[in-house]
Amino acid sequence: MHYPVMLPEVIAAMDLKDSGLYVDATFGNGGYSEAFLSAKMCNVIGLDRDPNVYNRAEELSVKYNNRFSLIETKFSEMDRIDLPMVDAVVMDIGVSSMQIDRADRGFSFMRSGPLDMRMSTSGASAADAVNLLPYDDLVKIFKVYGEEKHSRRAAGAIISSRQAKYIGTTADLATIIEKTLGRNGKIHPATRIFQALRIFINDELGELYKGLCAAERVLKPGGRLLVVTFHSLEDRIVKSFLRRRTGGMVSVSRYVPEQKKVTNVQTFIDGKRSVIKPQKDEIKENPRSRSAKLRYAIRTDKTPFKADDRLLPDVIGLDEMENYYE
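Going by the numbering used here, the first residue of the sequence shown is number 3, and it counts up by one from there.
Simulated from the structure, these hints should not be mistaken for lab results. A few of these clues could be false.
[What the hints assert, rightly or not] Think about it this way: if two alpha-carbon atoms lie no more than 35 Å apart in a straight line, the pair counts; the simulated DSBU-like pairs of lysine-lysine are:
1) Lys167 to Lys19
2) Lys304 to Lys212
3) Lys188 to Lys42
4) Lys151 to Lys167
5) Lys65 to Lys286
6) Lys308 to Lys76
7) Lys279 to Lys145
8) Lys145 to Lys241
9) Lys19 to Lys286
10) Lys76 to Lys42
11) Lys19 to Lys212
12) Lys222 to Lys76
13) Lys19 to Lys308
14) Lys304 to Lys241
15) Lys279 to Lys308
16) Lys212 to Lys42
17) Lys212 to Lys308
18) Lys212 to Lys241
19) Lys188 to Lys222
20) Lys65 to Lys76
21) Lys308 to Lys65
22) Lys167 to Lys142
23) Lys42 to Lys65
24) Lys142 to Lys181
25) Lys19 to Lys188
26) Lys304 to Lys282
27) Lys65 to Lys142
28) Lys19 to Lys151
29) Lys241 to Lys279
30) Lys212 to Lys282
31) Lys65 to Lys151
32) Lys241 to Lys167
33) Lys145 to Lys181
34) Lys274 to Lys145
35) Lys241 to Lys19
[Stated by the list, open to error] Pair by pair, the computed Cβ-Cβ distance ranges are:
36) Asp17 to Lys167: 48 to 56 Å
37) Asp138 to Tyr5: 37 to 45 Å
38) Pro116 to Lys279: 48 to 56 Å
39) Ser234 to Thr177: 23 to 31 Å
40) Pro86 to Ala14: 34 to 42 Å
Please read these numbers as outputs of a predicted model, since none were measured by experiment. Note that the Cβ used here is the ideal one computed from N, Cα and C, for glycine as well.
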């Protein structure tokens, strides 16, 4: 079952109004979109790069008299699709339960399926990465994106295994990692490896940063930017982005030197100084929400900043994958 995470907190931070125009930048199953549409006589634009959400989008459009529309695009490109200026943008930076629950999408080691992990239907897959990338690149991906302390052992096992047999399924990879790292406690040893591959294949951190910059450009003065994250890599990027945009110290990734410069230009005002976390009742009902964090800010009338990708860790880019194809 799909649960829109921290829905009461998100709705409160959105400050919804009749006739408002809102962007659900990570549409998925449409939980946020439907809540906004039912709360006010507003209009909502959903963004998603997954073509499998079309039927759900059509349901909402019909149910709410065309107050909802879907655009198939990455949220990082919302400033390039001729959107009018909007009153709020909400981004839920997590994998949709619709994707996790489908074995054929290859996101979860809990369900055997093709080792895919793509949120869209094009581009390199996780199988391409584990079967083609050299050892050093796999180590960096696992260490940085998965924060996996045994990244070298995991990468070495993958290199050895793929020489004997193509690693084509989620079960193949999970078995290799479990045999190599062992299993202690409740957390499967492949958890961080799968996270790292998913982040890499979908360029999730790059998309997040570009999405934040794009939202800055489409929000009206007084408009609100809300971001729900689920792990520390994402949250650090959002926190650093907002700190710079609200005039504070420019705090960048742990992988690059911190910048001490303080800017007087404020393109956002903090909506709430402290991060917002889910209530105990929600965590009990939906354990997935346990690690969620909500940050939000309010747009000023200042000119948007230029993008600065120094917030991102230096890891092999997807565009470099083509070097390993025959």
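Outcome of the hint check:
With a C-alpha separation of about 57 Å, the suggested pair Lys167 and Lys19 falls outside the 35 Å cut-off, and the hint is violated. Distance restraint check for Lys304 and Lys212: the Cα-Cα separation of roughly 19 Å lies within the 35 Å cut-off, and the hinted pair is therefore satisfied. With a C-alpha separation of about 43 Å, the suggested pairing of Lys188 with Lys42 is violated against the 35 Å cut-off. Pair hint Lys151 plus Lys167 holds up; C-alpha atoms about 26 Å apart against a cutoff of 35 Å.
Pair hint Lys65 plus Lys286 holds up; C-alpha atoms about 31 Å apart against a cutoff of 35 Å. A C-alpha spacing of about 19 Å is found between Lys308 and Lys76, which places the hinted pair at or below 35 Å, so the restraint holds. Between Lys279 and Lys145 the CA atoms are separated by roughly 27 Å; this keeps the pair inside 35 Å, and the hint holds. Restraint check: the Cα-Cα separation between Lys145 and Lys241 comes to about 21 Å, which is no more than 35 Å; the hinted pair holds.
Our distance criterion of 35 Å between C-alpha atoms is met by Lys19 and Lys286, whose separation comes to about 31 Å. Simply put, Lys76 and Lys42 have alpha-carbon atoms about 26 Å apart, close enough for the 35 Å limit, and the pair holds. For a cut-off of 35 Å, the pair hint linking Lys19 to Lys212 stands: about 27 Å separates their Cα positions. Of the supplied pair hints, the one linking Lys222 and Lys76 holds, its CA atoms being roughly 21 Å apart against a limit of 35 Å.
About 30 Å separates the Cα atoms of Lys19 and Lys308, which keeps this hinted pair within 35 Å; it holds. A C-alpha spacing of about 19 Å is found between Lys304 and Lys241, which places the hinted pair at or below 35 Å, so the restraint holds. Taken as a hint, the Lys279 and Lys308 pair is honoured in the structure, with Cα atoms around 30 Å apart against an allowance of 35 Å. Of the supplied pair hints, the one linking Lys212 and Lys42 holds, its CA atoms being roughly 29 Å apart against a limit of 35 Å.
Restraint check for Lys212 and Lys308: the C-alpha separation of about 11 Å stays at or below 35 Å, so the hint holds. The suggested pairing of Lys212 with Lys241 holds, with an alpha-carbon distance near 14 Å, which does not exceed 35 Å. A C-alpha spacing of about 46 Å is found between Lys188 and Lys222, which places the hinted pair above 35 Å, so the restraint is violated. With a C-alpha separation of about 25 Å, the suggested pair Lys65 and Lys76 falls inside the 35 Å cut-off, and the hint holds.
Simply put, Lys308 and Lys65 have alpha-carbon atoms about 40 Å apart, too far for the 35 Å limit, and the pair is violated. Taking the CA atoms of Lys167 and Lys142, the gap is near 23 Å; set against the 35 Å cutoff, the hint holds. For the hint linking Lys42 to Lys65, the alpha-carbon distance of about 14 Å falls within 35 Å, and the restraint holds. Using a Cα cut-off of 35 Å, the hinted pair Lys142 and Lys181 holds, with the two alpha carbons roughly 21 Å apart.
Restraint check: the Cα-Cα separation between Lys19 and Lys188 comes to about 44 Å, which exceeds 35 Å; the hinted pair is violated. Straight-line distance between C-alpha atoms of Lys304 and Lys282 comes to about 38 Å, which puts the hinted pair past the 35 Å bound. Distance hint between Lys65 and Lys142 is unfulfilled; the C-alpha atoms sit about 47 Å from each other, more than 35 Å. The hinted pair formed by Lys19 and Lys151 fails the criterion: a straight-line CA distance of about 47 Å is larger than 35 Å.
At roughly 14 Å between alpha-carbon atoms, Lys241 and Lys279 fall within 35 Å of each other, so this suggested pair holds. With a C-alpha separation of about 32 Å, the suggested pairing of Lys212 with Lys282 holds against the 35 Å cut-off. Restraint check for Lys65 and Lys151: the C-alpha separation of about 49 Å exceeds 35 Å, so the hint is violated. For the hint linking Lys241 to Lys167, the alpha-carbon distance of about 42 Å lies beyond 35 Å, and the restraint is violated.
Between Lys145 and Lys181, the direct Cα distance comes to roughly 19 Å. Compliance with the 35 Å bound is thereby established for this hinted pair. Restraint check for Lys274 and Lys145: satisfied, since their Cα atoms lie roughly 32 Å apart, inside the 35 Å limit. Between Lys241 and Lys19, the direct Cα distance comes to roughly 27 Å. Compliance with the 35 Å bound is thereby established for this hinted pair. Between Asp17 and Lys167 the beta carbon distance is about 55 Å. The supplied range of 48 to 56 Å therefore holds.
Taken as a hint, the range 37 to 45 Å holds for the pair Asp138 and Tyr5, whose Cβ atoms sit roughly 39 Å apart. Between Pro116 and Lys279 the beta carbon distance is about 35 Å. The supplied range of 48 to 56 Å is therefore violated. Range check, Ser234 to Thr177: Cβ separation about 28 Å, and the 23 to 31 Å hint holds. As the Cβ distance of Pro86 to Ala14 is approximately 25 Å, the hint placing it in 34 to 42 Å is violated.
In summary, the structure is inconsistent with hints 1, 3, 19, 21, 25, 26, 27, 28, 31, 32, 38, 40 from the numbered list given earlier, while agreeing with the others.
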